[in-house]
Amino acid sequence: MNDRRQQLRKAYDELKLKPFPEGSDDENASQLHAELVLIDTEWNGLVTRALGSAELGKVFGPEEEWRYQDLKARLESLIREGDVRAATDAKRYLDYLSALWALVVLAVRGR
Amino acid sequence: MAYINLTYLRDTSLVDPLGLEPVTISTAAALAVVCAAGAVAGDIVVLSVSGRKATWGELAAGAGIGCTGGIAVLGAYAVATGAAAAKATETGAQFLLRSWYQATFFSASGTVAYHWLRHAPRYGKSAVEYTRDAVDFFSKNQHLGKAVTFKDGTAGVLIRMRGGPGGYFTPDGRVVSFWYK
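So the protein sequences, as listed, match chains A and B. Position in the first sequence (first residue = 1) + 52 = our numbering. Position in the second sequence (first residue = 1) + 3 = our numbering.
A few of these clues could be false.
Computed cross-link-like contacts, BS3-like style, restricted to lysine-lysine with a CA-CA straight-line distance of at most 27 Å [what the hints assert, rightly or not]:
1) B:K184 / A:K124
2) A:K143 / B:K184
3) A:K62 / B:K128
4) B:K184 / A:K70
5) A:K110 / B:K184
6) A:K124 / A:K62
7) B:K143 / A:K62
8) B:K128 / A:K110
9) A:K124 / B:K128
10) A:K110 / B:K149
11) A:K124 / B:K149
12) A:K62 / B:K154
13) B:K154 / A:K68
14) A:K143 / B:K143
15) B:K149 / A:K62
16) B:K154 / A:K124
Simulated from the structure, these hints should not be mistaken for lab results. Being a predicted model, the structure only gives us computed values, none of them experimental.
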């Protein structure tokens with residue numbers, strides 16, 4: 053359990069140092085950026101709670117996977133169908149979302 | 004490493020009063036310095052009044068009075084600067100803590116530190132500047148807010164400028180997250 057906690061702490065500290073991707077001039081991408089900010093805020097907040105609780109992954113409910121899949125699908129759709137600017141921004145957001153989800157998976161594995 | 008000090012200053016050291024020396028000495032050393040300086044000054048006064056007729060008793064009394072006076076001045080300085088520093092620190096910390104909504108974070112200070120680190124350093128903003136910008140942004144643009152519900156069930160507001168700043172806030176203006184671009 054301590055190893056998992058240390059792994060999660062390390063991953064959290066590393067992600068925290070990554071600059072958050074900037075917004076977009078494209079309306080659709082800008083909307084998805086705002087959603088990514090909220091998910092980032094809530095999930096990282098839950099990770100700090102997980103690190104402070106006795107049982108690591110219990111702060112995350114099953115609905116988080118649905119949120120992840122939903123935002124991921126909409127970003128992929130924009131990458132496929134948006135113009136170059138929107139697609140480029142959406143790709144950056146998808147990369148960040150993937151790194152964030154990896155952190156959640158690490159926390160949930162600690163259940 | 005980012006660090007936000009949310010505690011009172013509890014330093015037992017003293018900084019040079021004139022700010023001319025880039026050193027901080029211990030309280031014991033400061034006491035010794037002012038006591039010695041006061042004692043010398045006291046004896047100078049005694050010698051200037053009594054001249055060569057000054058007795059050991061008078062010199063000892065002059066040194067004692069000078070030493071005590073020096074310590075009194077030092078004490079007054081320490082109280083004044085200590086109180087001012089504590090007040091300034093408390094004000095900054097209080098501003099941050101009352102301006103942010105803790106949301107899902109483990110602690111209120113954790114939420115401030117996290118968001119500042121994520122969104123502000125690349126723009127050269129301190130935590131207080133970042134927070135002030137977020138609060139001002141809410142004040143000027145709250146009429147543009149779109150209702151949202153946070154994960155903990157709290158009602159919130161999203162204000163977003165395409166390609167520009169944006170943020171999530173509680174309806175009373177506490178910051179949940181804020182970005183410049």
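Quick rundown of the hints versus the structure:
no., hint, verdict
1, B:K184 / A:K124, "holds, 22 Å"
2, A:K143 / B:K184, "holds, 17 Å"
3, A:K62 / B:K128, "holds, 26 Å"
4, B:K184 / A:K70, "holds, 16 Å"
5, A:K110 / B:K184, "violated, 34 Å"
6, A:K124 / A:K62, "holds, 25 Å"
7, B:K143 / A:K62, "violated, 39 Å"
8, B:K128 / A:K110, "violated, 35 Å"
9, A:K124 / B:K128, "violated, 31 Å"
10, A:K110 / B:K149, "violated, 31 Å"
11, A:K124 / B:K149, "holds, 23 Å"
12, A:K62 / B:K154, "holds, 25 Å"
13, B:K154 / A:K68, "holds, 21 Å"
14, A:K143 / B:K143, "violated, 32 Å"
15, B:K149 / A:K62, "violated, 36 Å"
16, B:K154 / A:K124, "holds, 19 Å"
Figure legend: structure checked against the earlier numbered hints; hints not met, in rising order: 5, 7, 8, 9, 10, 14 and 15.
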